[in-house]
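Chains as they are written, first to last, in my numbering: chain A, 1 to 265; chain B, 266 to 432; chain C, 433 to 1226.
Check each hint, because a few of them may be wrong.
Mimicking DSS-like on lysine-lysine, the simulated pairs with C-alpha atoms at most 25 angstroms apart in a straight line are [to be verified]:
| # | chain 1 | residue 1 | chain 2 | residue 2 |
| --- | --- | --- | --- | --- |
| 1 | C | Lys-888 | A | Lys-232 |
| 2 | C | Lys-1089 | A | Lys-177 |
| 3 | B | Lys-345 | B | Lys-295 |
Calculated directly from the structure, the hints in this document are not laboratory data.
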Amino acid sequence: MYDFAYHKPSSVADAVKLLAADPDARAISGGMTLLPALKLRLNKPTAVVDLSGIAELRGVKREGGTIVVGALTKHYEVATSAEIKAAIPALAWMASTIGDTQVRNRGTMGGSVANNDPSADYPAALLALGATIQTDKRKIGADDFFQGMFATALDTGEIVTAIHIPVPEKAGYAKMKNPASRYSMAGVFVARGPAGVRVGVNGAGANGAFRATAMEAALAANWSPDAVASIKMDPAMMNGDIHGSAEYRAHLVTVMAKRAVANAG
Amino acid sequence: MPQVTLTVNGTKHTVEVEARTLLVELLREKLRLTGTHVGCDTSQCGACVVHMGGDSIKACTILAVQCEGADITTIEGLAKPDGTLHPMQEAFREYHALQCGFCTPGMVMSAIDLVNKHPGGLSEQEIREGLEGNLCRCTGYHNIVKAIAAAADVMQGRRSELARAAE
Amino acid sequence: MNVVAPFEGIGASVRRKEDLRFLSGRGQYTDDINRPGQTHAFILRSPHAHAEIRSIDVTAAKAMPGVLAVFTGADMAGIGGLPCGWQIHNKDGSPMAEPKHPVLAEGKVRHVGDPVAVVVAETKAQARDAGEAIVVDYNPLPAAATMDQALKAGAPQVHEGAPGNLCYDWHIGDKAALDAAFAKAHKVVSFETTNNRLVPNAMEPRAAIGEFDPQSGDYTLYTTSQNPHVIRLLMGAFVLNIPEAKLRVVAPDVGGGFGSKIYHYAEEAIVTWASARVKRPIKWTAERTESFMSDAHGRDHVSRAELALDADGKILGLKVHTLANMGAYLSTFAPCVPTYLYATLLAGVYTTPVIYAEVKAVFTNTVPVDAYRGAGRPEATYLLERLMDVAAAEIGMDRVEFRRKNFIPVDAFPYQTPVALQYDSGNYFATLDAALQAADWKGFEARRAAAKAKGKLRGIGISTYLEACGIAPSAVVGSLGARAGLYEVGTIRVHPTGSVTVLTGTHSHGQGHETTLAQLVADRLGVPLANIDIVHGDTAKVPFGMGTYGSRSLAVGGSAMFKAMDKIIAKGKRIAAHLMEASVEDVEFDRGTFRVAGTDKTKSLTDISLAAYVPHNYPIEEIEPGLEETAFYDPKNFTYPGGCHIAEVEIDPDTGKVSMVNFTAVDDVGRVINPMIVEGQVQGGVAQGIGQALLESAIYDAQGQLISGSMMDYTMPRADDLAPVSVATHTTLCTHNPLGVKGCGEVGAIGSPPAVINAVVDALKDYGVRHIEMPATPAKIWNIVNGGRKMAAE
């Protein structure tokens, strides 16, 4: 990779200051996406601002009907958090399927959310759960936050600090992994809760994570795998590559939606 | 040049590195701990797995400077000072879970973390899924899975010794 | 005193001697070696599949921090191209097209990854930084990225000296006899298939360190090789013109090869040559992405086969037409893979009386293709064993009975095939029966029904296969175009106190030679395993050997050791006769003890070795001191392992995902020295075969870009892609080598792919599937299932 300056601030305010001062600086938490990109020299940041020393970004807590997850919370911590397992077991289980053990030991929810990789797991879950993303300066609803492939509502230098997730009545997740990369090829997170019945899809969409509104309507009327079984996704909205055509991915979304509902119970 | 202070296999080191230096480069090139290998450039093969604070991580996907104050264990630090192997190392030998040996250090480090994170033991399927981050091209994983199951039994006190049943 | 424990000899599952260093991080792979004053090389590679190089400007790169030198093809002009070790002749007797393979591109690049320039710098990062500052002005040309593209009229020409992109047009067999057989046929079954291109992906990326000693003029190359002597010969004699005595090649611990580390690669010549220019050692280590575009790939055949049958289902003849992709240049052994390692195997385990095969080798703008685990034999086996299933279905005969009906009878050995080979031994009925039993073939329909009740499609597939390995008789391969002999060497050095060092020309890169070869010595000479050391991989230590590939180490290398031990024993008997005042004819030897026949007078091997090195009471006029013998062994024939593989799969029709449920292998690998290691070799080979059948594929787009160019897109088998592999052996001894061994390194990769695809096709039989190409990915299966459902609905 190209060399860069390295900073490790201990407060959000300091981190924001560093990032504001240098538009070509990049924030890093777990680095599970950024570092592979840097190694392939796809990115040439002038500086890397390491958020891992900021204590205020850590921790999982329940505040009434909401789970608040600090941005630095690792996937492994999400998967094993007693609070999350009790409140949103589907989210904990989903976290246990992200990447491999070593990714889960380093990667963070905040990093994944801020990066919005189309084949990352969290964006679909947060869309389905109606989560709110808190940054150093504002709160943004998931629907507004995720804006297509690798695109978010974040301004340059803006840092995700926490994710607020309303506790659902029911939620479930299922995914088909890409056989080579093991990222999600088609993953569906379904939830019924304070935000209504919502379905988030990752991996398959041509423009990143999205909500499957036809499935939401069907599930609102009849919460059962059969309700989504006949809903066909539009292949024109899907991504196609050597691992599967857009038609295949469209089909997988329906299959995974059925399984996600079944998993939700 | 940035400096990083970290503990590796119980010894504290302070090393000058470029910010872009990866932990695996620090281990291999600065500390000459060449048991940690590099088998890919896309963070998939797991030949570089080490422990940081007991968790398995890929040393190729973390900057050395991110390891300030960290406690790192590599394959070289697993055996006891008298040379007694860790049960996982012994199990790999007993069950012929290695051939060329290149993936082995990372595989062993991952396996130990996997067992530690499943204190109640593991099914064959859990072991297979738990190895998602490690590639082996020689063994077909068959004997690796057996070795890990046997080591888990010994590490968790369900069995007193690793020896295979008589053939 | 040497006392051998009985469990250390032949047939014992001795735990491996080499494991301790690998398990404790003390292996010494090439990249682990650091030479004093070492610098680092970065190779700049072509981003184009086919382009003319108009100019290269290295000025900026040379001025970058830490840079010692930058070299291009112009600097290396006058150096030989990378040589090809095998010459094939066309049907008309003319030699194949053999265009130069420059070490660094000369005026043109011919595949993505073709080396264009090299930067030598103080650090790896500096070398790479500078590499990016080299300005190459390319004139991109249309590419012949696939064999289809390459063979079209007016196709872009990869080489001027290979019109129509044809390397050779070769054939084997009696065409007239075949036509006659087909004229009599009751039924002819046709089948076409592609054998998918694979990337070997040994876990250790290739690496090389070149070192030059300006005082002595000696060169040393440390390299990730399966055969250091071959590299010394090829690079010294053909590329760099360095006499053998001035060039040492060391292949230390090597992290897997599977064929990909046989060949002489450009980077070896580059670091060796450049080390004499910068007068410092130079290390190059491939990044994995670089491996994808610079390690020789494997397979890549397109074949059409026709099988002629009589009314009873007996095979009358087989006709095969194959296109084999060579890539952009001829890799070291590429031409022999689709010919003598392929077409000669088309008889398989069957009594097919007439076979005719023609093979066209084609240049394309892709990475060179060469041997990969099995090499040619997996392609032949896949074609044949898929064809057997297709034919059985078409004539309505049970696929097992159809095979059994055509097996070579047990009493027919030695068996001469119509395609040159003479099988020495085998019992295909025995391996078949054992495998059917072990896999509970009879109980399968119940399992299929149980799976169906869960909504899953279960299938079972079989492959009864044979391979030729233990390569190879030098005179035979010489007459077929090999430019090397394929004997092996072994030295047995019995030290004064009776411990033994073995020097072998074979090379271990996962096979466990340090254990298995030591077991041969322990078994015969009665020396404890702990006192036996196997030395390999260093041309400065070991006599000229040919290395490890083609499952040859034990059959050829072990036999050389056996011959050397014969000499040790013969000399020992003479010394013992002197010490015991007996005649040589009366001295017997068994596992470390020399005995005067019929008496209790004995001498141990240690007594003899001590006498040999301290020759006080010694027939010095008649026998030289010392106890060290070398033997070269040239095999009389290939060896012919064979057996039966059975795969059981389950398909999720909703996603198309195929899960391996079970895999059973019953192989005849000849005498088994270490059952544990044999099982491990078979399991590993099967994993690669399952990888080929279900997961792996090197895919080029029409512009010659490798789309599956990293592990993000090339599916490497992981633990959860595979199932337990049950391995058993059934032995018939090889009749022509002294150990009776056949070889086990490749059987897994050869026998398994058709078993898996046969199982997949079986699982999909209700969908009217006749064939599915490898790899049988979820998307591909879903297309079939989905198409089938549509048909059912219509």
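Quiz item: Holds or violated: are the alpha carbons of Lys-1089 of chain C and Lys-177 of chain A at most 25 angstroms from each other?
Solution: holds, 10 angstroms
Quiz prompt | Satisfaction of hint between Lys-232 of chain A and Lys-888 of chain C, Cα-Cα up to 25 angstroms | solution = Holds, because 22 angstroms separates the two Cα atoms, which is no more than 25 angstroms.
Quiz item: Does Lys-295 of chain B lie within 25 angstroms of Lys-345 of chain B when you go C-alpha to C-alpha?
Solution: Given pair Lys-345 of chain B, Lys-295 of chain B holds - Cα atoms ~23 angstroms apart, limit 25 angstroms.
Of the numbered hints listed earlier, not one is contradicted by the structure.
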